[in-house]
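Enquirer: Sequence lines, in order, name chains L and B.
With the UniProt record's numbering applied, the first sequence has no gaps in its numbers, which climb one by one up to 433 at the end.
With the UniProt record's numbering applied, the second sequence has no gaps in its numbers, which climb one by one up to 433 at the end.
Incorrect hints may appear among the rest.
Identical copies go unnamed one by one, so any copy, or any two together, can satisfy a pair.
Claimed, not checked - Derived EDC-like pairs: lysine to aspartate or glutamate, alpha-carbon spacing no greater than 20 Å straight-line:
1) 285 - 59
2) 85 - 108
3) 285 - 28
4) 85 - 219
Hints were generated in silico from the structure; no laboratory data involved.
Small disclaimer: the values here were computed from a predicted structure and weren't measured.
What follows is each chain in one-letter form.
There are 2 protein chains.
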Amino acid sequence: MKSVKVGICGLGTVGSGTFNVLGRNRREISARAGIEIDVIQVGARRDNPSCNTADVAVERDIFAVAKNPEVDILVELIGGTDVAKSLVLEAIAQGKHVVTANKALIAEHGNEIFAKAEAAGVQVMFEAAVAGGIPIIKALREGLAANRIQWLAGIINGTGNFILTEMRDKGRAFDDVLKEAQALGYAEADPTFDVEGIDAAHKLVILASLAFGIPLQFDKVFTEGISKVAPEDVGYAQELGYRIKHLGIARQSSAGIELRVHPTMIPEKRLIANVDGVMNAVLVKGDAVGPTLYYGAGAGAEPTASAVVADIIDVARVVQQGGRGIAPLAFYNAATQQPTMLPMDQVETAYYLRMLAEDRPGVLAQVSTILAEANISVEALIQKEPQQDAPQVPLILLTSRAIEHQLMSAITQIEALPVIHGEVTHIRVESLG
Amino acid sequence: MKSVKVGICGLGTVGSGTFNVLGRNRREISARAGIEIDVIQVGARRDNPSCNTADVAVERDIFAVAKNPEVDILVELIGGTDVAKSLVLEAIAQGKHVVTANKALIAEHGNEIFAKAEAAGVQVMFEAAVAGGIPIIKALREGLAANRIQWLAGIINGTGNFILTEMRDKGRAFDDVLKEAQALGYAEADPTFDVEGIDAAHKLVILASLAFGIPLQFDKVFTEGISKVAPEDVGYAQELGYRIKHLGIARQSSAGIELRVHPTMIPEKRLIANVDGVMNAVLVKGDAVGPTLYYGAGAGAEPTASAVVADIIDVARVVQQGGRGIAPLAFYNAATQQPTMLPMDQVETAYYLRMLAEDRPGVLAQVSTILAEANISVEALIQKEPQQDAPQVPLILLTSRAIEHQLMSAITQIEALPVIHGEVTHIRVESLG
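For reference, chain L alone in the conformation it holds in the complex (with noise of 0.2 Å):
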């Protein structure tokens, strides 16, 4: 074999990317992989004036490229879920390995696909479908192998960091960081998958399924947006010593399987609550290793392609050295597990509750009587001073770890209280240790 031979589908901002990174890079890349690597055919219906196409057979028809018995691997990367899948399960069906960075793809038909796949005896990988150029797939499925993974929490959306960390650098609110974020370009005109915690939902289906060798699960989890953060929790946060991310959360333990995103108070000396910005962040704590954490830029054409490029680099060793590579889940008997899983009012976790009182003598009692009852105590307590003719203060409480269902009836009791205005707004509070 002189060389293994790649199509591309898709040539968008990470087709592109991919495209450029293996014609920049070829001197390295085909030194690391121990074999030339040729992009022979590109399935895109327009091109792309950032990629010199000349040399490389361009197919409007991307199922060309699927079909093509010279492809060894075929790169999907046109997103979206309909067509890729139809495209990866011909790929697989002709023989073809498959490198994707096609999260809700992974995250909602993986199970099937990889049960194609090792039929058909050809991998399909996915390092670009979470947090970019970051080797967070590689980390759990390869590098941290001998761990009994505990749980993991990542910043695994950059748009959603970027407005919390906007939110909190500026004191500015939600919706204003939002339209800031779509004019630069880091949000979408819709930014519900992001800001909704949709997108950080796939990519933490496929981190869990890695770490606990169990099939994706994409209907099991729990997610929470951010567009309800305000600006005087993002303050209040500070002054107790924490800040607020939007982290996509799995927890292994012996109640079961979590999975859970929303936005999570973490003390502010962890080093994962200063990752700012559109950069992502993943904590792995393993039971041999302790928390290990892996940095980096989440999305972007050439960090992705990093990613997408070295999935090409694993697979072309396999097609030039045989043998059945890497389970795409890391343990090979990952699809035939059942799991149990934990429901969110079952999940157990520390809280941050912030009310509205009546500023008389009585009111602290009164509600933490009320937690009390339901075992939950009192670690943190900001009372503020009535600001000017306001006849009601803010009071704000760090609880206990509590199980959710227990605090969320806590909750209702204590907005039921007359001497509390409005709803009790509530984070949930990890310590991440």
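Here the structure of chain L is known, so what remains is to put chain B in place on it, guided by the hints.
Expert: The following block gives chain B in isolation, referenced to the frame of chain L:
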């Protein structure tokens, strides 16, 4: 093949950790490796009460393990370079794969060992040799394989970082903290390896070879320890918005490759500036991915075992699936490269300078004239009021980037000024941007 058979040589801290992790996480490890991994023999001068070796053959002669025809993978955890080298070469001669945690062995004898391993068609893996449980070698060799690596900078000695952290947090002096580190077991009775940067130099050489695809060149590292870092420099760094870290830095530029270990002032807002205590972290800048950072425990029984076992799993896959595996120094052609190495006096960086100056007009003008004549500008300045009864005042400067030999020559001239008393302290400054 029913299982891959492992022989462990050395049952000290890392050896016992490896033995115990392989036992405790056996189920997860075999599911990830796709095959059972059995420790069939241990070679150790004495038993370790923390390991239950009842089901394993224990040999007092470690070479018996290298010669055992049943053993597929020899795990070298005895440390040192003399016997360890003989043991590893014997194992290779016997056609066995090798996993080692021995940074000195790899840094000083890796070129010879890898050549013999290649000729014998076996793998030599050493993830645990750098930064303990952090999978940084896998990240450089595989995860970032698409990139031309521009530079890397690492906190790769936990003892040194513990000492600098304590000096900063508590304003303590070097000698004082070193004594505590020795009492805590972080530092050896002879702390030279840690505090003078030799241990970090071993690790840096390995990282640089992986990053740039060049042979290991331990004799080319510039090494400066932290024993001369004074509490006042730690304080002034903080005033200037910087922190002092003992970094291993490798950089590739058109001028050549730099390898250097020295105290470094870095902006406090960088994530790596906030890596405290005995923790390790490596920041890597690739041309496609940009900056990525890897953080975790750099030492300890089980964190190091985590890396050793990850290597065992990777090699077990090669044993089972065949193929020649991955190149030990990331590039299959690394051994044949003859890179241009940049001597320290040619390196360009910014500098922090501290001197004791007479408290009278014109002193600053004389100092800055010398710098200006060497084309070095002053980027920041602290001049303190004279302390009671002290005729001299400390003068602190941050310079622009300059070539080391030009800066050193300017320092010689400054020290010759009658208005300057004693030596000029210099600390290199890196923005790591």
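Enquirer: Tell me the hint numbers this structure goes against, listed in increasing order.
Expert: 1
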